[in-house]
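Participant: Just so you know, the protein sequences line up as chains P and H, in that order. Mapped onto this note's numbering, the consecutive letters of the first sequence carry residue numbers 1 to 215. Mapped onto this note's numbering, the consecutive letters of the second sequence carry residue numbers 1 to 212.
Hints should not be assumed to be uniformly reliable.
[Said to hold, decoys possible] Here are the simulated BS3-like pairs of lysine-lysine, each with C-alpha atoms no more than 30 Å apart in a straight line:
| no. | chain 1 | residue 1 | chain 2 | residue 2 |
| --- | --- | --- | --- | --- |
| 1 | P | LYS180 | H | LYS150 |
| 2 | H | LYS100 | P | LYS205 |
| 3 | P | LYS81 | P | LYS71 |
[Unchecked claim] Away from chain P, derived, C-beta distances all over 12 Å, residues of chain H:
| no. | residue |
| --- | --- |
| 4 | ASP16 |
| 5 | ILE21 |
| 6 | SER23 |
| 7 | ALA27 |
| 8 | ARG135 |
Don't read these hints as lab results, they were simulated from the structure. Backbone N, C-alpha and C fix where the C-beta goes; we use that ideal spot for every residue, glycine too.
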Amino acid sequence: MKHLFLTSSVGTVGVGASIRAKLGHDKPLKTVFITTPIEVEDLTDDAWYQADHFELTSNGFETLDYTITGKSESDIINDLKDVEVMYISGGNEFYLKQQSNKNNFGNFVKKFVESGKVYIGTSAGSIIMAPDMSPCLLITDTTCCPEPITDISGFGIVDFLVMPHWGSEDFRDVYLGERKDKMYQENWQLILLNNYEYVEVIDEKYRIVDVRAEK
Amino acid sequence: MKKLFLTSEVQFVASDIGKKIDSKSKANAVYIIIAIKDKEHKDLEWHYINKSNMESVGFKFTLYDISGKNYQEIVRDLSSFDVMYIEGGNSYYLLQESQKNNFINFVNQRVIEGMIYISTSAGTVIAGPDIEPVRQNSRAILAPDLKGTKGYNLVDFVVMPHWGQEKRRELYNGYRVEHIYNEEYPYVLISDNQYVEVEGDWIKIIDVTREK
Chain P
1 MKHLFLTSSV GTVGVGASIR AKLGHDKPLK TVFITTPIEV EDLTDDAWYQ
51 ADHFELTSNG FETLDYTITG KSESDIINDL KDVEVMYISG GNEFYLKQQS
101 NKNNFGNFVK KFVESGKVYI GTSAGSIIMA PDMSPCLLIT DTTCCPEPIT
151 DISGFGIVDF LVMPHWGSED FRDVYLGERK DKMYQENWQL ILLNNYEYVE
201 VIDEKYRIVD VRAEK
Chain H
1 MKKLFLTSEV QFVASDIGKK IDSKSKANAV YIIIAIKDKE HKDLEWHYIN
51 KSNMESVGFK FTLYDISGKN YQEIVRDLSS FDVMYIEGGN SYYLLQESQK
101 NNFINFVNQR VIEGMIYIST SAGTVIAGPD IEPVRQNSRA ILAPDLKGTK
151 GYNLVDFVVM PHWGQEKRRE LYNGYRVEHI YNEEYPYVLI SDNQYVEVEG
201 DWIKIIDVTR EK
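Isolated chain P, as found in the complex (with noise of 0.2 Å):
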């Protein structure tokens, strides 16, 4: 049963504690925390991934930070043979992807979420899991990768596309400003996420949960 949760961020108070609650209490979870899509991010503020960090260390995922940059696929498939639950963070999707084509890291995840294992993304690490990434071009900076950007596809483990951290004010101007045209096309499924808000896919069906409404 492929079940994942696919978040603006999991850092905001509440998301990783009703996860958790979906997925029981009965005992810790050995989590990877991929840090890959940080990698070509300013960090001078990361209080952000600080929360992420906290937020699920203290739901009971015992996270291990992973980056899969340099790794060989019998590298990745060795290191995280043990996990139980794979967490990808939020960052830069496209250097993620381009990561990831230099070691078949798609394919792993795929087989590890049709093995039933459980998959927590946020933001880019939401927005991978859709066929077709091409809207967050017009959110996300390329220009910070190493290497130029050719494939916009992501790992096509959902159908739809989330578009995370709508209505935010830090988000506000990227997607209100003059490349919001660009994202005017009938080409995708497209979901637009708060921060307070994660979707949850069973198989081929899913929901949205507002954690505010959960209290």
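Mind docking chain H on chain P? Use the hints.
Facilitator: Positioned in the frame of chain P, the structure of chain H alone reads:
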């Protein structure tokens, strides 16, 4: 179990939806036309195509107008239908007329009981928690007796229909996208070739151009 098919324009997805509903239910359907009653709509060709495309996949409709009916009449006239289709048009007018006779409560009750809800545009927006996201002042003035913008609340997200359609580009990019840039609700954007299928608490956005 709750079952809904929320479309932008049912004519483009009717054949797909038709495959998912049994013949007996399709033959016992009511077509709520209220949203197209206001005088703004001179050209109703789209409505006739919606209807005929659904009929061509097995739906048999009784047309019904909720305006001027009281709650008891609605319960009497509509309780036996297995399927309710709500046509597109003016969301504000549709909501106003739904408030006058508590049609909202009736629809909620029937959906819980298993009546299948299918809708186009206004009927899709109104299924959500609020119709304010699709505000157009020129249309809202046609519903002067409207008391608030709370929708039927059959689902807890707002579907924004006709996404990507060329003739609505200016509406969306000139006003509507900014209007919904908030953290009130989840927004699902669907093109004319897409619809949201709801089963209980679970949804799926179907794109008929990608259906196998």
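Participant: Compare the structure with each hint and give your call.
Facilitator: Status of each hint after checking the structure:
no., hint, in the structure
1, LYS180/P / LYS150/H, "28 Å, holds"
2, LYS100/H / LYS205/P, "36 Å, violated"
3, LYS81/P / LYS71/P, "14 Å, holds"
4, ASP16, "14 Å, holds"
5, ILE21, "18 Å, holds"
6, SER23, "25 Å, holds"
7, ALA27, "28 Å, holds"
8, ARG135, "17 Å, holds"
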